[in-house]
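Undergrad: Chain by chain, the residues run as shown.
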Amino acid sequence: ETGVTQSPTHLIKTRGQQVTLRCSSQSGHNTVSWYQQALGQGPQFIFQYYREEENGRGNFPPRFSGLQFPNYSSELNVNALELDDSALYLCASSRSTGELFFGEGSRLTVL
Amino acid sequence: AQSVTQPDIHITVSEGASLELRCNYSYGATPYLFWYVQSPGQGLQLLLKYFSGDTLVQGIKGFEAEFKRSQSSFNLRKPSVHWSDAAEYFCAVGRPINTNAGKSTFGDGTTLTVKP
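Same order as they appear, the protein sequences are chains H and Z.
According to the numbering used here, the residues represented by the first sequence are 1 to 111, in order.
According to the numbering used here, the residues represented by the second sequence are 1 to 116, in order.
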């Protein structure tokens with residue numbers, strides 16, 4: 001059983017740019033969710049995808065968007081980057097039982 | 001709205017000593033509760049979970065947690081800490097139902113330091 005993989009592991013962007021982060025879900029998991037973890041804080045729920053549809057969203061603006069593909073892989077897109085978007089972005093896949101299986105994250109730095 | 005409070009930001013224990021990390025939650029229904037561990041620069045790994053039944057649950061790496069509904073708590077314990085347990089620990093609450101599986105609310109974490 002393969003785990004959750006994320007790419008890239010680190011990236012640096014400047015304010016106003018756009019970024020796409022990618023995630024490959026664990027085999028057999030049909031739900032993927034994205035979390036933002038700022039330094040010294042717990043993960044904050046961004047949104048969740050189930051069967052290629054967004055079916056839950058946290059308190060994040062529309063410039064945070066995503067996609068889920070038929071093979072359950074996923075993308076997180078962030079437009080018009082702001083300094084406060086600097087964080088570790090975590091992808092997690094899950095089944096209906098709810099425990100999350102996390103990737104190692106993508107560390108985004110916005111300058 | 002659901003929330004999780006981890007009152008202890010940082011805890012230091014000696015190797016071989018016992019450990020208890022506190023977690024209090026607020027949730028409008030019967031919660032699903034989780035503890036995750038995060039090593040530096042890595043993602044989170046599930047230690048244990050509580051859905052229903054026996055309120056004392058066992059997890060990996062010798063950890064256990066006890067659900068106390070009357071206190072809205074789900075404290076994590078380990079009888080004897082090893083140096084490799086040094087990490088950040090997160091408590092989370094959710095109520096996965098069908099398509100709601102991925103949505104959990106996390107506390108801000110407790111950093112565990114282990115003294116030799």
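If you are wondering where the hints come from, they were derived from the structure by calculation, not from laboratory data.
Where hints are given, some of them may not hold.
As the list claims (entries may be wrong) - Mimicking DMTMM-like on lysine to aspartate or glutamate, the simulated pairs with C-alpha atoms at most 20 Å apart in a straight line are: (1) 61/Z <-> 99/H; (2) 13/H <-> 84/H; (3) 49/Z <-> 99/H; (4) 115/Z <-> 54/Z; (5) 49/Z <-> 64/Z; (6) 13/H <-> 75/H.
Undergrad: Would you mind marking each hint as holding or not holding in the structure?
TA: Status of the hints after comparison with the structure:
no., hint, verdict
1, 61/Z <-> 99/H, "17 Å, holds"
2, 13/H <-> 84/H, "12 Å, holds"
3, 49/Z <-> 99/H, "8 Å, holds"
4, 115/Z <-> 54/Z, "33 Å, violated"
5, 49/Z <-> 64/Z, "10 Å, holds"
6, 13/H <-> 75/H, "17 Å, holds"
Checked against the numbered hints above, the structure breaks only hint 4 and satisfies the rest.
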